[in-house]
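Once you've looked at the hints, dock chain B with the ligands against the given chain A.
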Amino acid sequence: MLSGLYIEGTTFFHRIGPGKKILSLVLIGTGLFFIRDLTIIAGCFAVIVSLYFTAGVPAKIMLRQLRPAAILLVIIFIVQYFSNSLELATLIVLRFACLILAASLITLTTRTSDMVEGIERGLKPLHKILPVERVSLTISLCIRFIPTIQAITEEVKEAQYARGLSTNIFAIAVPVIIRTLKMADEISEAIYARSFETEPYHPDLDK
Amino acid sequence: MPSLINLKDVHFAYPSRPSVLNGVDLSLSAGERLCLTGSNGAGKSTLFQIIVGLLHPTQGDVFAFGQSRKVEKDFHEVRRLAGLVFQDPDDQLFCPTVAEDIAFGPMNLGKSKEEAMAIVDTVLQQINMTKLKDRITHKLSGGEKRLVTLAAVLAMGPEVLLLDEPTNAVDEAGTERLVEILNELPQAMIVISHDPHFRQKIATRSLRLQDGKLFDPTPKCDHAQTDMPEAIAV
Ligand SMILES: Nc1ncnc2c1ncn2[C@@H]1O[C@H](COP(=O)(O)OP(=O)(O)OP(=O)(O)O)[C@@H](O)[C@H]1O
Ligand SMILES: [Mg+2]
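Here the protein sequences line up with chains A and B, keeping their order. According to this note's numbering, the first sequence holds residues 40 to 246 in order. According to this note's numbering, the second sequence holds residues 185 to 418 in order.
Some hints could be false.
[As the list claims (entries may be wrong)] Sample of chain B residues with no beta-carbon within 12 Å of chain A, all distances over it, derived:
1. D275
2. D285
3. N292
4. D318
5. T321
6. A339
7. E364
8. N367
[Stated by the list, open to error] Cβ pair distances, simulated, as ranges:
9. B:S325 - A:P170: 29 to 39 Å
10. A:L102 - B:E299: 36 to 46 Å
11. B:D379 - A:I100: 40 to 50 Å
12. B:Y198 - A:E194: 39 to 49 Å
13. B:K254 - A:A108: 47 to 57 Å
14. B:Q394 - A:E197: 36 to 46 Å
Note that these hints are calculated values from the structure, not bench results. Beta carbons: idealized from backbone N, C-alpha and C, even for Gly.
With the rest of the complex left out, here is chain A (with noise of 0.2 Å):
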């Protein structure tokens, strides 16, 4: 889960401004798509596998990445290699999981606020026609609230089975629902009650 990743660490890769990391994320994810040749596209993965042996990530939280996609992989793989060939389905596969190894690295040995912040201060030019630090907040709610809407609707189903009910799609859904836009009221206002958006205060010039 999002706000679970990331790794401690002082690797040359956990010191690299957050900014750096998801501009060279964007640059390498874009390159990706230009290799169309399959020993280039392996030792790219070849690299970013020993990217994670140099920034400390165990192997096993490595194969973790992958894991959500594996299915996705192997039909992407399945579908290529019957269409066109198994040179082209190994390419697109490959590239797939440079792509997503690579993303993970980045979340693994970047801490969520830094990543937030670091959003921010690229979106700080944008200031005139952005709200900047709302749009960064709204980033930092999202990983924060993800896991938990997760968690409400296993509580939400697990209430149900205990209840006697199967899984019935609108079932789950509606009291998800509600309980997750009664949940953002709630944060709404305790969020206000922080002082979120009121003037920064000055203790000299209140004087």
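Only chain B with the ligands this time, still in chain A's reference frame:
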């Protein structure tokens, strides 16, 4: 001494619902620890939201920190000076980690990241919970969440604390610690609590919210109070 918070004849009803508050008068002076009780649904939490301007009274006036407060803008200063700890801690910790959550308020008040982090350490020490600093907020236990929400509010250096059932989900040791913390704090506070022992340990004054009004419960319990020492000497 002028009162820090003063409500005059406050009325309130949620849209298309019977009225919750029917003429509440309340005043809080410096150094007071005022405890509020009242049955479930009596309107205690609603009253707190009115004090910090998250809800507005349908009738009556809110005075806080020497001024009449009416519109949203008036309440910005009230929220800075009055720290509200909500009843439900789940929806109050909205940053990924404890440290970030506690730093949120101070940073909104214009503190730098370093200053905010120093405040985080101070308040966590104050509540004896330094070990929670780097924990993920949504994975804390209910009682730990409560204590962190208190820390998050203390971090803003409020002049008044508004605590909505602070002992809820806190274990005995935590409650004892909380009693100590609250009694040591210099701030005036209003504390909602259903726990009579807790109230007795911290309150300098108590009020009961009933039928939309605040009552002084002492006269009624006069003889009960004289009997108290034996009654609880178990
Ligand atoms: N957002 C809302 N919309 C409509 N009615 C509400 C809302 N919030 C609370 N109420 C109702 O207003 C009344 C007072 O609620 P409030 O939360 O202030 O009670 P309380 O005294 O804090 O109770 P408790 O001791 O259970 O916390 C209740 O009847 C409640 O159902
Ligand atoms: Mg309440």
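Hint by hint, here is what the structure shows:
Once the 12 Å rule is applied to beta carbons, B:D275 is inconsistent with being away from chain A; the minimum gap is 4 Å. Not every CB of chain A lies more than 12 Å from the CB of B:D285, the least distance being 9 Å, so the non-interface label is violated. Non-interface status of B:N292 relative to chain A is broken: a Cβ of that chain comes within 12 Å, the nearest being about 4 Å off. With a least CB separation of 9 Å from chain A, B:D318 falls inside the 12 Å interface cut-off, contrary to its annotation.
A beta-carbon of chain A is positioned within 12 Å of the beta-carbon of B:T321; the least distance is around 7 Å. Against the 12 Å criterion, B:A339 falls within the reach of chain A, whose nearest CB is about 9 Å from its own CB. Under the 12 Å C-beta cut-off, the non-interface status given to B:E364 relative to chain A holds; the minimum distance is some 25 Å. Against chain A, the non-interface label of B:N367 holds: every CB pair exceeds 12 Å, the least being about 24 Å.
Judged by the Cβ atoms, the range 29 to 39 Å given for B:S325 and A:P170 holds: they are separated by roughly 35 Å. For the pair A:L102 and B:E299, the supplied restraint of 36 to 46 Å holds, since their beta-carbon distance comes to about 41 Å. A beta carbon spacing of about 44 Å between B:D379 and A:I100 agrees with the range 40 to 50 Å that was offered as a hint. In this structure the supplied range 39 to 49 Å is violated for B:Y198 paired with A:E194, their Cβ-Cβ distance being about 27 Å.
The hinted window of 47 to 57 Å between B:K254 and A:A108 holds, with their beta carbons roughly 55 Å apart. Checked against the given bound of 36 to 46 Å, the beta carbons of B:Q394 and A:E197, roughly 38 Å apart, stay inside it.
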